[in-house]
Amino acid sequence: MDFRLSPKEEAFRSELLSWLEQNRPEGYRAGEFRLPDTWEKRVQEYSRFQKAVFEAGYAGIRYPEEYGGRGGSLMEEIIVLELLAPIYRDFGSVGIIAHGMAGPTILICGTEEQKRSFLPRILDGSHIWCQGFSEPNAGSDVANVSTRAEKRDNEYIINGQKTWTSFAHIADYCILLARTDPNVAKHKGLSYFLVDMKLPGIEVRPIRQITGEPEFNEVFLEDVRVPEGMRVGAEGQGWQVAITTLMFERVIGDISMAALYADELQRMLNMARRVKRNGQAVLENPLYRQQVAQCYIELMVLKYNGYRNVSKLIKNEIPGPEGSIGKLLWSELHQKMGETAMQIQGPYHQLMKDSPAAIDNGFWQHLFLRSKGNTIEAGTSEILRNIIGERVLGLPKDVSRAVRREGR
Amino acid sequence: MDLSFNEDQIEIARQARRFLENECPMDKVRELIDDEYGCTDELWSKMAEMGWMMLRIPESYDGMGLDLLDLCVVLIEMGRSALPGPFFSTVLLAAETLMEAGNDDQKQAFLSRIASGEIRGTLALHEPAGGAVPGYVQMEARADGDMYILNGVKAFVPDGHGADFIICAARTLPGNDPAEGVTLFLLNRETQGVSVNLLKTMDQSRKLCEVRFDEVRLPGAAILGEVHRGWTLLRRVLQRAQVGLCAENVGGAQRAMEMAVEYAKIRRQFDQPIGSYQAIKHRCAQMLLEVQGSRSVLYWAAWAQDHGDPEEAELAASVAKTYCSETFGNVSAGAIQVLGGTGFTWEHDMHIYFKRAKANEVALGDPVYHREEVARLIGC
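Chains as they are written, first to last, in the numbering used here: chain L, 1 to 408; chain U, 409 to 788.
Listed below are the simulated DSS-like cross-link pairs for lysine-lysine, each with C-alpha atoms no more than 30 Å apart in a straight line:
{"id": "1", "chain 1": "L", "residue 1": "Lys336", "chain 2": "U", "residue 2": "Lys766"}
{"id": "2", "chain 1": "L", "residue 1": "Lys186", "chain 2": "U", "residue 2": "Lys673"}
{"id": "3", "chain 1": "U", "residue 1": "Lys673", "chain 2": "L", "residue 2": "Lys397"}
{"id": "4", "chain 1": "U", "residue 1": "Lys763", "chain 2": "L", "residue 2": "Lys336"}
A few chain U positions that, by computed beta-carbon distances, are all more than 10 Å from chain L:
{"id": "5", "residue": "Glu431"}
{"id": "6", "residue": "Gly459"}
{"id": "7", "residue": "Ile527"}
{"id": "8", "residue": "Tyr544"}
{"id": "9", "residue": "Met555"}
{"id": "10", "residue": "Asn559"}
{"id": "11", "residue": "Ala563"}
{"id": "12", "residue": "Ala587"}
{"id": "13", "residue": "Leu606"}
{"id": "14", "residue": "Lys608"}
FYI, nobody ran anything at the bench for these hints, they're computed from the structure.
Built from N, CA and C at the ideal position, the CB exists for glycine as well.
I would like the entire structure built from these sequences, with the hints used as guidance.
So this is what it looks like as structure tokens:
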């Protein structure tokens, strides 16, 4: 067992650190909340920073050079993610679908043409992507997608509605699941498309979320004509394409989240030193110290559980359904951190951004509210516990689902 | 980076699993729980033959000089089989303290005999007024010429009644800071003035004693390490012992989870296996989450003791001690619920795991103590 980086990886890390010293986004200082006010500014700042990352050779670490990547190792990618995750968070995570889902899917399942046309623009920050999987009747039961894609000549005509589509209002492209065959079992009739969000027939309606801002949207598709060349994988293989990258990306996601929360926990310590309760710094109160320590303990669980999965990946062992554990760990920890931050602030937790006395200009209120979505998005905690119970522990399916499955 | 066991460790684990399944199945565990010492001489000798007592003892004292992680591989299996007896007190407390603090004569006199299984020892640390705080040492060791005179009570001393020797932490200077004025003494259990009472405890798989010191006179040669500076050495020993408990907890929690899951697959109510119901399934999934999480921080904590810097090692030991012990508690309690009435009986083995979990939770600092340690170490 060895938890250390190799000398080569250490060298790579210090090289990146010194690059970061020179290239941190303008006005960015670690420990300060600076989420830009508007989505336009977030996209602008993200694109500017990502372009610099790309030009310095730190984008797409494991992507082949011919698609704009570095052709590097998984550990190098982990190193980059750990150092950059807090910066990306401060742009409102607008690149997360592009880098976390669209890119890896195109790289693994896309055609040569798709790789050449999309990957460099993802890696250099030119394109924002959104994910069109969920629908009003396809939430946890995501294979229940009813948006139709009908083949006509060398095009697909797409009609339907997507919802909870994060970043659709600023996205250039969408990864979209649609039904190409309504007459087969529901997992088998889906296809996976790369859809240009500027195509006629696409209407995006922002949904105001619990934080007060619109991060996600409803997307209506009416006779949207998508060229056949924009389908990823064979017709009817959409479900396989969607889950191929999922397990792999979960591992990367766990590591990013651990790095992000490490930064947030440091901010929380600084905050709890300044905030007073009964005239004393909250951080001197043993009850709050216990809570902050518990957050740190669970953060270490998340981090080293993630590293164990990385270690398996390095040995070419594909992490199986156990990958769901990491998502449960990070989403539930984030809520605990949000709750802890609210308790530390006492009555000040009520003050939102732009209120003169708001602590850290509302960073924690945003984190607290936004984290309520963490146990819902990307697989609800209930679905993940089903997956762990059934596919890892081998417990039987519940009766209603088992019966319905046989009935099909 | 490589966070998996190497082939030697996999082999150590495999042999340990087979040995314990053969030599100490659950009916044997129950016999040992009723035994005054929680162990038979025969089993102890066989464990010594497996090389378990000598794993960490340096080769110069007839040991194998392996890492803490290697010992953890065995301890996971011991936790899995709920092995009773004085292994923890002898190997993780007494031998580690001798390795950390002993001079060459002391090591010569004790370590090779521990390695061979000939003698057993323990550490007398906790005091009645200290509760779960290991650093609370107020028992007096008064200097009297070349001699020291010990007076006071040590509580919750594991396996004190069966130990051939006892290492005792006592105060040679008054004060509250353990870093200043605590000295370690090494003494024979039969030294005049020492009396040991076996306590009736909830977890009978690990015996605990009260040890009284009444005008116990010890020569300066009984001191382990430097006078007044015992805590600095002991802290490192305690960290390793905490990690050892974490390994036991991981093995015990894993087994408790397996028993709950096995039962949930076969027990039927309302015409269905109860494991098909999400109320049970999600409880079991949560067990796996905590068991895997515990494994992850255990590996980190063990590795940090062997190879990390001292700050990381200390932090990791407290992180793991908190999480792994709460995991074993949660998983064994959850398993009792899954087992229903069966889990509540004396006949089912789950209560043995549940009680061990409670004992391990409080041993060497409870979660409240270790969370405060974590808070302090991360700069709160």
